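Novice: First to last, the sequence lines map onto chains C and L. Under the numbering used here, the first residue of the first sequence carries the number 598, and numbering increases by one thereafter. Under the numbering used here, the first residue of the second sequence carries the number 62, and numbering increases by one thereafter.
These are calculated hints, taken from the structure and not from any lab test. Do not take every clue at face value.
Computed, partial: chain L to chain C, Cβ under 10 Å [unchecked claim]:
| hint | residue |
| --- | --- |
| 1 | Leu157 |
| 2 | Gly161 |
| 3 | Thr220 |
| 4 | Met227 |
Pairs of lysine to any residue, SDA-like flavour, derived with a Cα cap of 25 Å [stated by the list, open to error]:
| hint | chain 1 | residue 1 | chain 2 | residue 2 |
| --- | --- | --- | --- | --- |
| 5 | C | Lys673 | L | Ser240 |
| 6 | L | Lys93 | C | Gln727 |
| 7 | C | Lys726 | L | Arg388 |
Facing chain C, a subset of chain L residues (Cβ under 7 Å, in silico) [said to hold, decoys possible]:
| hint | residue |
| --- | --- |
| 8 | Met100 |
| 9 | Ala102 |
| 10 | Pro103 |
| 11 | Val104 |
| 12 | Leu191 |
| 13 | Leu193 |
| 14 | Met207 |
| 15 | Val215 |
| 16 | Pro216 |
| 17 | Gly231 |
| 18 | Ile234 |
| 19 | Leu276 |
| 20 | Leu279 |
| 21 | Ser373 |
| 22 | Phe378 |
| 23 | Ser380 |
Keep in mind the model is a prediction, meaning the values are calculated, not measured. Glycine included, every Cβ here is placed at the ideal spot set by N, Cα and C.
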Amino acid sequence: MTTTTERPAARSSAAHAARPAKVRSREQRSPVATALSHLALIAASLIALFPVVYIAYISLGPDDMDYLHPGQILGKATLSNYDKVLNQTDFFSWFGNSVIVAGGTTVVGVMLAASTGYAVSRMRFAGHKQLMWTLLVTQMFPIAVLIVPMYYILSNLQLLDSYFGLILVYSGTTVPYCAWLLKGYFDTIPVEIDEAGRVDGLSPFGTFWRLILPLARPGLAVAAFYSFLTAWAEVAFASTFMLSSDKYTLAVGLQSFISEHDHQWQLMATTSVLIALPAALVFYLVQRHLVTGLTAGAAKS
Amino acid sequence: MAVAVQGAPGKSSRGREPRPGLVERIKLSYSKYWYAYAMIAPVVIVLGVLVGYPLVRGVYLTLTDATSLNTGRQIGVNHIPDSFTFVGLHNYADVLWGPGSYDRFWSHFVWTIAWTAICVLLHYSIGLALALLLNQKLRGRGLYRMLLILPWAVPTFVTVFSWRLMLADGGAINAVLGSVGLPEPGWLSDPFAQKAAAIAVNTWVGVPFMMVSLLGGLQSIPAELYEAAEMDGASPWQRFRYVTLPGLRTVSSTVVLLGVIWTFNQFAVIFLLFGNGAPDAQILVTWAYRLGFGQMPRDYAQSATYGVLLLSLLIVFTSFYRRWLARNEQANG
Chain C
598 MTTTTERPAA RSSAAHAARP AKVRSREQRS PVATALSHLA LIAASLIALF
648 PVVYIAYISL GPDDMDYLHP GQILGKATLS NYDKVLNQTD FFSWFGNSVI
698 VAGGTTVVGV MLAASTGYAV SRMRFAGHKQ LMWTLLVTQM FPIAVLIVPM
748 YYILSNLQLL DSYFGLILVY SGTTVPYCAW LLKGYFDTIP VEIDEAGRVD
798 GLSPFGTFWR LILPLARPGL AVAAFYSFLT AWAEVAFAST FMLSSDKYTL
848 AVGLQSFISE HDHQWQLMAT TSVLIALPAA LVFYLVQRHL VTGLTAGAAK
898 S
Chain L
62 MAVAVQGAPG KSSRGREPRP GLVERIKLSY SKYWYAYAMI APVVIVLGVL
112 VGYPLVRGVY LTLTDATSLN TGRQIGVNHI PDSFTFVGLH NYADVLWGPG
162 SYDRFWSHFV WTIAWTAICV LLHYSIGLAL ALLLNQKLRG RGLYRMLLIL
212 PWAVPTFVTV FSWRLMLADG GAINAVLGSV GLPEPGWLSD PFAQKAAAIA
262 VNTWVGVPFM MVSLLGGLQS IPAELYEAAE MDGASPWQRF RYVTLPGLRT
312 VSSTVVLLGV IWTFNQFAVI FLLFGNGAPD AQILVTWAYR LGFGQMPRDY
362 AQSATYGVLL LSLLIVFTSF YRRWLARNEQ ANG
């Protein structure tokens with residue numbers, strides 16, 4: 598009882614006497630709370646970082662059983678795996694293929710998603726609601742249903758084993774989410790800007806291209822990031838649709854270390870690190886926009 | 062090309078279908094919005110051809126007994142035509158209550174539901190906790206944020222491969238567990254440990270997306286709301302419960318829906334972690350892939366049947382979820 602009677606009094610007196618102090622207290626927490634926050638964030642960052650660092654570390658070990666004795670790598674760390682992967686495999690041709698495919702997917706996917714997102718965000722044409730839900734439904738398709746018929750139709754369209762075919766397939770998988778994201782972002786841009794553009798004599802496409810796209814840069818950056826990563830890291834479609842070895846992407850090429858040289862884990866680790874580097878670079882370039890770009894997309898569903 | 066033309070009107074014209082008496086209005090809508098249709102046409106064509114058509118063909122395959130032995134294929138210059146036959150709903154009956162359907166379908170079904178529920182719950186709660194921590198004024202916040210998004214930025218097959226090395230017998234995880242005297246389960250061989258490992262890895266992979274989305278949501282909640290709550294004497298818990306959570310509702314409803322769909326169909330993590338082994342840890346998607354690609358002869362019909370069942374489950378879930386959201390929205394004004 599004593600506590601319940603005391604508490605409101607103490608609180609109200611604090612609120613009366615020291616309101617400015619109290620407002621500040623929300624932003625400047627007590628040292629203990631700050632230390633705990635740091636502790637939790639450091640622990641989480643270590644967990645997030647560890648597998649990435651671990652594989653980079655394994656890639657320094659020269660023998661294929663080294664991953665079982667990580668402690669021994671320290672004594673014999675060498676870059677010889679990198680030398681082997683870069684100079685004795687088709688790494689650069691795989692890398693080039695991946696760049697073409699992932700870059701193509703980014704451009705094609707973001708353009709398709711942006712035009713769709715803009716049309717749905719601005720124009721109340723018949724069917725705009727159904728279109729967005731249809732897009733969401735396509736995210737629910739398990740690739741198991743799609744992969745055989747897709748193979749069939751790609752071979753009919755002569756798009757099997759071609760960059761363009763794979764780019765289209767990837768765009769098909771990234772566009773639905775990107776269109777949702779960008780529609781949400783376009784919704785946050787005032788319609789008055791479009792109207793001003795139209796008054797100044799721009800066509801609907803001109804308004805979209807010259808006024809809205811430049812304003813939507815954070816949203817576009819996130820969509821580009823998502824598209825690039827999806828295409829860069831995809832395995833199932835790439836290994837089914839790219840038939841000739843000079844068209845292999847990195848994800849497919851990586852698997853050849855298991856069959857050809859039976860389980861060369863250290864080379865796989867090395868290639869993984871080399872694959873992760875460009876993705877990390879793209880991530881670093883867009884990470885400033887990540888939070889703002891994603892929010893608008895998620896907030897306006 | 063004929064298919065492309067078929068696919069296009071399939072979706073774009075759904076809303077334009079000539080309802081009686083509305084033809085004039087539709088013509089007007091078309092002349093007013095033709096550029097809108099022009100802007101969505103590429104997406105509709107691409108998705109119609111690459112997703113719509115395969116889906117229709119996939120559904121058709123479920124009604125046949127197609128395997129890789131009787132499907133038409135090209136060998137050199139010889140074209141072997143399709144020779145599978147129409148079997149009606151036999152595949153569905155066989156999968157759902159045929160002999161051994163518990164091992165083939167229901168056990169995977171239960172595990173898929175548990176997998177989705179546990180993973181999304183962990184993604185959301187850990188993501189929210191980290192987002193709340195990052196939403197404070199802290200030294201080094203930008204650095205933390207960058208490190209925490211890293212699992213998302215590094216390609217899945219790279220990180221899953223790293224996890225596989227760490228989880229292997231004698232790998233880093235068991236070395237740590239052993240050194241502090243804890244049991245060392247066979248993460249990649251023991252059925253129960255496999256499931257735990259799969260959930261842990263998928264949680265690690267999925268948290269950053271939730272965290273970033275929720276962080277954005279937190280930043281869009283006006284600070285005045287917190288100040289007002291504080292002046293009314295709300296405790297931190299009350300502020301969280303009555304200001305933060307309602308403020309996150311729109312973001313949460315979207316990311317949870319996406320999370321459920323993506324986790325349900327999370328192919329990469331389980332496939333890359335266990336390959337074709339670990340029959341118990343296979344969720345429905347990877348199991349369907351295994352039927353269609355991981356065995357000889359490839360059973361296209363059964364594989365597609367699983368796919369269609371998966372899709373129907375998700376559609377049912379989504380429609381209930383949307384209805385539940387709409388009701389909630391009404392209840393909360």
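Novice: Determine for every hint whether it applies to the structure shown.
Specialist: So, going through the hints one by one against the coordinates:
With a cut of 10 Å, the hint placing L:Leu157 at the interface with chain C is violated, because the nearest CB-to-CB distance is about 17 Å. A hinted interface residue such as L:Gly161 counts as satisfied when its beta carbon comes closer than 10 Å to some beta carbon of chain C; here the least separation is about 20 Å, so the hint is violated. The interface hint given for L:Thr220 holds, since its Cβ lies 5 Å from the closest Cβ of chain C, which is under the 10 Å cut-off. Hint status for L:Met227: holds, given a least beta-carbon distance of 6 Å to chain C, under 10 Å.
With a CA separation close to 24 Å, the supplied pair C:Lys673 and L:Ser240 stays within the 25 Å bound. With a C-alpha separation of about 19 Å, the suggested pair L:Lys93 and C:Gln727 falls inside the 25 Å cut-off, and the hint holds. Restraint check for C:Lys726 and L:Arg388: satisfied, since their Cα atoms lie roughly 19 Å apart, inside the 25 Å limit. Here the hint on L:Met100 is kept, as its CB sits about 4 Å from the closest CB of chain C, short of 7 Å.
Because the closest C-beta pair between L:Ala102 and chain C is about 9 Å apart, greater than 7 Å, the hint is violated. The beta carbon of L:Pro103 comes within 5 Å of a beta carbon in chain C, closer than 7 Å, and the hint placing it at the interface holds. Restraint check, L:Val104 versus chain C: the minimum CB separation of about 5 Å is within 7 Å; hint holds. Hint on L:Leu191 holds. Least Cβ distance to chain C is approximately 6 Å, under the 7 Å limit.
Taken as an interface hint, L:Leu193 does not check out: its beta carbon lies about 9 Å from the nearest beta carbon of chain C, beyond 7 Å. For L:Met207, the interface hint holds, the least distance from its beta-carbon to any beta-carbon of chain C being 6 Å, beneath 7 Å. Satisfaction of the interface hint for L:Val215 is found here, the shortest Cβ-Cβ separation to chain C being roughly 5 Å, below the 7 Å cut-off. A least Cβ separation of about 3 Å between L:Pro216 and chain C falls short of the 7 Å threshold, and the interface hint therefore holds.
Checking L:Gly231 against chain C by beta carbon gives a least distance of about 5 Å; that is within 7 Å, so the hint holds. At its closest, the beta carbon of L:Ile234 sits 10 Å from a beta carbon of chain C; the interface hint therefore is violated under the 7 Å criterion. Hint status for L:Leu276 relative to chain C: holds, with the closest Cβ pair at about 6 Å, below 7 Å. Proximity of L:Leu279 to chain C is violated relative to the hint, the smallest CB-CB distance being about 9 Å (cut-off 7 Å).
The closest approach between the C-beta of L:Ser373 and any C-beta of chain C is roughly 9 Å, which is over the 7 Å cut-off, so the hint fails. Against a cut-off of 7 Å between C-beta atoms, the interface hint on L:Phe378 is violated, since the closest Cβ of chain C lies about 9 Å away. Nearest Cβ of chain C to the Cβ of L:Ser380: about 10 Å, over the 7 Å cut. The hint is violated.
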